Amino acid sequence: MSDIKIRAKLKDGETEVKCLMSHPMETGLRKDSKTGELVPAHFIQEVVCKSKDQVVMTANWSGGVSKNPYLAFKFKGGEVGDPIEITWTDNMGETQNAADKIT
Amino acid sequence: MIDAKRRILLKGSLAAGTVGVAVGAGLLSPSLVLASWNEAAFQAKDLPTALQSLMGSDAAETNDAIKIKAPDIAENGAVVPVTVETDMEGVKSIAIVADANQTPLIASFDLGDSAVPFVSTRIKMAKTSNVVAVVQTGDKLYSNAKEVKVTIGGCGG
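Protein sequences, first through last, are from chains A and B. Letter 5 of the first sequence, counting from 1, is numbered 5 in the numbering used here, and no numbers are missing. Letter 14 of the second sequence, counting from 1, is numbered 14 in the numbering used here, and no numbers are missing.
For the record, the hints were derived by calculation from the structure and aren't laboratory data. Among the clues, some could well be false.
[Stated by the list, open to error] If the Cβ cut is set under 8 Å, some of the chain A residues that face chain B in the computed set are:
#, residue
1, Ile-6
2, Leu-10
3, Asp-12
4, Glu-14
5, Ala-72
6, Val-80
Quick caveat: nothing in here was measured; it's all calculated off a predicted structure. Just so you know, even glycine gets a beta-carbon here, dropped at the ideal spot from N, CA and C.
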């Protein structure tokens, strides 16, 4: 099951891709309110966005991106029906992948 | 699987002495997977150091062509929507920085050839500070800043 929601829309020759990922994005600086211990860092480090196997954008993140990250970007040259693929990798080595089509 | 990694990490931390202490305190986060992830830049404590290791220079020229869309007052520092957009040509990458955060560099976006210089995301801010956007075109750096007042701390969750 994938927790990445993607919406890609073509408008005036530019494709705007919006996506929502499901991730705790712990900085490693926050304390657990019950135990007082630091919550270990757990955040997405890299998001790769591809369209038709071409990398459109790579995002490198720190824990400073909000929980359940939202990301939007635009690119040119997309057409309705083209595939969009998004993959993230976090600092624990987990990775998730989702794909959708431009509408 | 995760346990095994943690074991290795713990051993590594102890061996590394002070670095180990820093990892334990959560100051450094273990980077186990990504070689391309710029650890030095993301763990830098101030903006010039971060820029130096991320883009090879900290000499960013202020340019109003970089538009930062962010709230004037953020009610919740844990979720501050930020959009960076510019009409400059040949933009290679965009970085988003929250000046007063413990590790200021929040995100860097490497744009492919077809990408339009526009990124939007949501960031955490520890307290009221400038949100700085740094744009790299060719070999030059440009930046712009916008102050965001934070009424509730972000890093405390």
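Hints versus structure:
1. Ile-6: Not OK, violated: Ile-6/A not within 8 Å of chain B, min 14 Å.
2. Leu-10: For Leu-10/A, the interface hint is violated, since the closest Cβ of chain B sits about 13 Å away, which is over 8 Å.
3. Asp-12: violated, 11 Å
4. Glu-14: holds, 6 Å
5. Ala-72: holds, 4 Å
6. Val-80: violated, 16 Å
Violated hints, in rising order: 1, 2, 3 and 6; the structure is consistent with all others.
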